[in-house]
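Novice: Let the sequences and hints guide you as you build the complete structure.
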Amino acid sequence: MKVYTHKQGITLVGKAWEIMQKLKEYNKDYIFISEWIKDVTQKK
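In this note's numbering, the protein residues as written are 245 to 288.
Source of the hints: derived by calculation from the structure; they are not laboratory data. Model, not experiment: these values are computed from the prediction. Each residue gets a CB set at the ideal place from its N, CA and C atoms; glycine is no exception. One or more of the hints may lead you astray.
As the list claims (entries may be wrong) - With a Cα cut of at most 25 Å, we get these calculated BS3-like pairs of lysine-lysine:
#1 Lys268 - Lys246
#2 Lys287 - Lys246
#3 Lys246 - Lys282
#4 Lys266 - Lys251
Stated by the list, open to error - The following label-pair restraints were derived from C-beta to C-beta distances:
#5 Thr285 - Ile263: 19 to 25 Å
#6 Lys287 - Lys246: 14 to 20 Å
#7 Lys272 - Lys246: 16 to 22 Å
#8 Gln252 - Asp273: 25 to 31 Å
#9 Ala260 - Gln286: 26 to 32 Å
#10 Lys259 - Lys282: 23 to 29 Å
#11 Lys259 - Gln286: 25 to 31 Å
#12 Leu256 - Gln286: 16 to 22 Å
#13 Leu267 - Lys287: 18 to 24 Å
#14 Lys246 - Asn271: 15 to 21 Å
#15 Asp283 - Val257: 16 to 22 Å
#16 Thr249 - Ile275: 14 to 20 Å
#17 Lys287 - Trp261: 25 to 31 Å
#18 Val284 - Glu262: 16 to 22 Å
Specialist: Structure, rendered in structure tokens:
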């Protein structure tokens, strides 16, 4: 499972069950993926 972050967004690479698990994990911190992207781009 790999998570790549870049200016335009986030790329998740892995098996379907791994990606679903990672999205559930990040769902605890961020309600929408757009919030996650905004937070990642601000940190860079």
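Novice: Could you check the structure against the hints above and give me the numbers of any it violates, in ascending order?
Specialist: Of the numbered hints, just 8 does not hold.
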